[in-house]
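A.B. asks: Given the structure of chain P, go ahead and fit chain F onto it with the hints provided.
From first to last, the protein sequence lines are chains P and F.
In terms of UniProt numbering, the first sequence opens at residue 1 and continues consecutively.
In terms of UniProt numbering, the second sequence opens at residue 1 and continues consecutively.
Hint data in this document are derived by calculation from the structure and do not stem from the laboratory.
Among the hints, a few may not be true.
If chains are identical, the list can't say which one is meant, so a pair holds when it fits in one copy or spans any two.
[What the hints assert, rightly or not] Here are the simulated lysine to aspartate or glutamate pairs, DMTMM-like style, with alpha carbons at most 20 Å apart:
1) K64 with D17
2) K64 with E7
3) K64 with E4
4) K64 with E126
5) K64 with D92
6) K64 with E233
A quick note: this is a predicted structure, and the numbers were derived from the prediction, not measured.
Protein chains: 2
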Amino acid sequence: MTTERLEHRACFGGWQDVYRHRSEVLGCDMSVGVYYPPQAADGPCPVLYWLSGLTCSEQNFITKAGAQRYAAQHGIILVAPDTSPRGADVADAQRYDLGQGAGFYLDATQPPWAAHYRMHEYIAQELPAWVEADPAASDVRAIAGHSMGGHGALVLALRNPGRYRSVSAFAPIVAPSQVPWGEQAFAAYLGEDRAAWRRWDACALIADARERLPLLVDQGEADEFLATQLRPELLRAACAAAGHPLTLHLRPGYDHSYYFIASFIGEHLAWHAAALRGG
Amino acid sequence: MTTERLEHRACFGGWQDVYRHRSEVLGCDMSVGVYYPPQAADGPCPVLYWLSGLTCSEQNFITKAGAQRYAAQHGIILVAPDTSPRGADVADAQRYDLGQGAGFYLDATQPPWAAHYRMHEYIAQELPAWVEADPAASDVRAIAGHSMGGHGALVLALRNPGRYRSVSAFAPIVAPSQVPWGEQAFAAYLGEDRAAWRRWDACALIADARERLPLLVDQGEADEFLATQLRPELLRAACAAAGHPLTLHLRPGYDHSYYFIASFIGEHLAWHAAALRGG
Numbered sequence: 001m002t003t004e005r006l007e008h009r010a011c012f013g014g015w016q017d018v019y020r021h022r023s024e025v026l027g028c029d030m031s032v033g034v035y036y037p038p039q040a041a042d043g044p045c046p047v048l049y050w051l052s053g054l055t056c057s058e059q060n061f062i063t064k065a066g067a068q069r070y071a072a073q074h075g076i077i078l079v080a081p082d083t084s085p086r087g088a089d090v091a092d093a094q095r096y097d098l099g100q101g102a103g104f105y106l107d108a109t110q111p112p113w114a115a116h117y118r119m120h121e122y123i124a125q126e127l128p129a130w131v132e133a134d135p136a137a138s139d140v141r142a143i144a145g146h147s148m149g150g151h152g153a154l155v156l157a158l159r160n161p162g163r164y165r166s167v168s169a170f171a172p173i174v175a176p177s178q179v180p181w182g183e184q185a186f187a188a189y190l191g192e193d194r195a196a197w198r199r200w201d202a203c204a205l206i207a208d209a210r211e212r213l214p215l216l217v218d219q220g221e222a223d224e225f226l227a228t229q230l231r232p233e234l235l236r237a238a239c240a241a242a243g244h245p246l247t248l249h250l251r252p253g254y255d256h257s258y259y260f261i262a263s264f265i266g267e268h269l270a271w272h273a274a275a276l277r278g279g
Numbered sequence: 001m002t003t004e005r006l007e008h009r010a011c012f013g014g015w016q017d018v019y020r021h022r023s024e025v026l027g028c029d030m031s032v033g034v035y036y037p038p039q040a041a042d043g044p045c046p047v048l049y050w051l052s053g054l055t056c057s058e059q060n061f062i063t064k065a066g067a068q069r070y071a072a073q074h075g076i077i078l079v080a081p082d083t084s085p086r087g088a089d090v091a092d093a094q095r096y097d098l099g100q101g102a103g104f105y106l107d108a109t110q111p112p113w114a115a116h117y118r119m120h121e122y123i124a125q126e127l128p129a130w131v132e133a134d135p136a137a138s139d140v141r142a143i144a145g146h147s148m149g150g151h152g153a154l155v156l157a158l159r160n161p162g163r164y165r166s167v168s169a170f171a172p173i174v175a176p177s178q179v180p181w182g183e184q185a186f187a188a189y190l191g192e193d194r195a196a197w198r199r200w201d202a203c204a205l206i207a208d209a210r211e212r213l214p215l216l217v218d219q220g221e222a223d224e225f226l227a228t229q230l231r232p233e234l235l236r237a238a239c240a241a242a243g244h245p246l247t248l249h250l251r252p253g254y255d256h257s258y259y260f261i262a263s264f265i266g267e268h269l270a271w272h273a274a275a276l277r278g279g
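So that you can see chain P by itself, here it is in the shape it has in the complex (with noise of 0.2 Å):
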């Protein structure tokens, strides 16, 4: 695969880069931020995948939500890739909510969208191998995101048991075929067929896990999606009835912002490091 590195810059001890690498399953360029703690000189660190949501690029997370002093706390590698394929042969919309910039995170069936629009496979085969090449980043993995990448994070976890050690979301998507972002994005990219809709839809997964992997999440109740789009309380019935494990803190005064989310991604790091150290 072509790498270019187009940002390199020393952040709390370590490096916080940026890449550009060719994606084959996606078919054009992508965008990755990684920072590397200081401990990476020393030897393979676990690996942190962040998906951001929806309009976010590369540079949302690594700008803004200040991860990187708890990374090098912990020795955490963090990946914060784009949220789509990018490109001007790549299909697109004339929304926020779909097309560049809206990938949802899953492998779309539907023309135009099948082409290029494999987030899923990306983000679970695709990127990790390109990460795992460098002798500083193990196989050792957990993922986290916000809102659609907060979608993106539990349903990666909860349809590759193994693969990752621990899962957290800050307000995420948890029921996308219930709710208006996820209805427009999942008919689009996976047709109007609802049967098709539950492998990417986190309740509905929770309902058929073999896997118990313990969910963290952190949803503000300022949030100006809360009862639109996100309805936190569906994962919680989800889990409920599942037996699944939840950790979900209801935050008063927080709204859907990089501000909410500085404020907690250190608890969230911190409970990331402790899965990656156990095992």
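C.D. replies: Here is chain F on its own, set in the frame of chain P:
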């Protein structure tokens, strides 16, 4: 003064707000970020004024520096104003280092700049009067900044003895009279007579200072502007010649970006907190 609250977001147990208020000094509306730590709910907190660099607005520091975490820990209000007057009737230039976004924290004397470009008076007088009208804010003040804003912080502290308990800077322009950024800006704002420049040049002011407020400066050794625009050796020499206390940290590998600021803003907040608690 007319004030409008543009943003209000929970952050580390406090509130990251953005306001637009009318500045009579500048003759325009100004945007200002204000972080209220949780302690501000219980009584007046000291205030750190942060001055940003070229091209910045009030957004850069509040979204990228990660300072709120430390402000919440120490109980410090953070005030981050825009970097110049703004608006269709405010003079501007077709370059990033003069005009809007490049006020250089001085009071201009030359046309067309003198009408609006009075950032020194705004930061020293009008902004704190506006901030301190809120009972959550005390009149115990510190000042800090980055690059052009590091120049601003040093000059504000040196020109206004007794007004700030502490001052610090990241990658400041320490001798604007001797470097290209400063020379072009001072020639435009202050005119060609270099005698008038001394009052806005930190290294020149240190020679004449009566108050010997200790300076804390962090400078990345991989900063792309180090040799041409920043030249910390001139600050070291000026302080040594005058007997002015200086703590200068040269940080190997760090560049001019907010990744550098984020990495050491915690140390600066701790320095200011110690000074703001004392006296």
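A.B. asks: What label fits K64 with E4 when the C-alpha limit is 20 Å: within, between, both, or neither?
C.D. replies: For K64 and E4, neither the intra-copy (23 Å) nor the inter-copy (25 Å) Cα distance is at most 20 Å.
A.B. asks: Is the C-alpha distance from K64 to E126 at most 20 Å within one copy, between copies, in both cases, or in neither?
C.D. replies: neither (26 Å within a copy, 30 Å between copies)
A.B. asks: At most 20 Å between alpha carbons: which applies to K64 and D92, within, between, both or neither?
C.D. replies: neither (26 Å within a copy, 30 Å between copies)
A.B. asks: Please work out whether the CA atoms of K64 and D17 approach to 20 Å or closer within one copy, between two copies, in both situations, or in neither?
C.D. replies: For K64 and D17, both the intra-copy (15 Å) and inter-copy (16 Å) Cα distances are at most 20 Å.
A.B. asks: Measure nothing new, just compare the shortest in-copy and cross-copy C-alpha distances for K64 and E7 to 20 Å and report within, between, both or neither.
C.D. replies: both (16 Å within a copy, 16 Å between copies)
A.B. asks: State whether the alpha carbon distance between K64 and E233 is at most 20 Å within one copy, between copies, both, or neither.
C.D. replies: neither (28 Å within a copy, 32 Å between copies)
Figure legend: structure checked against the earlier numbered hints; hints not met, in rising order: 3, 4, 5 and 6.
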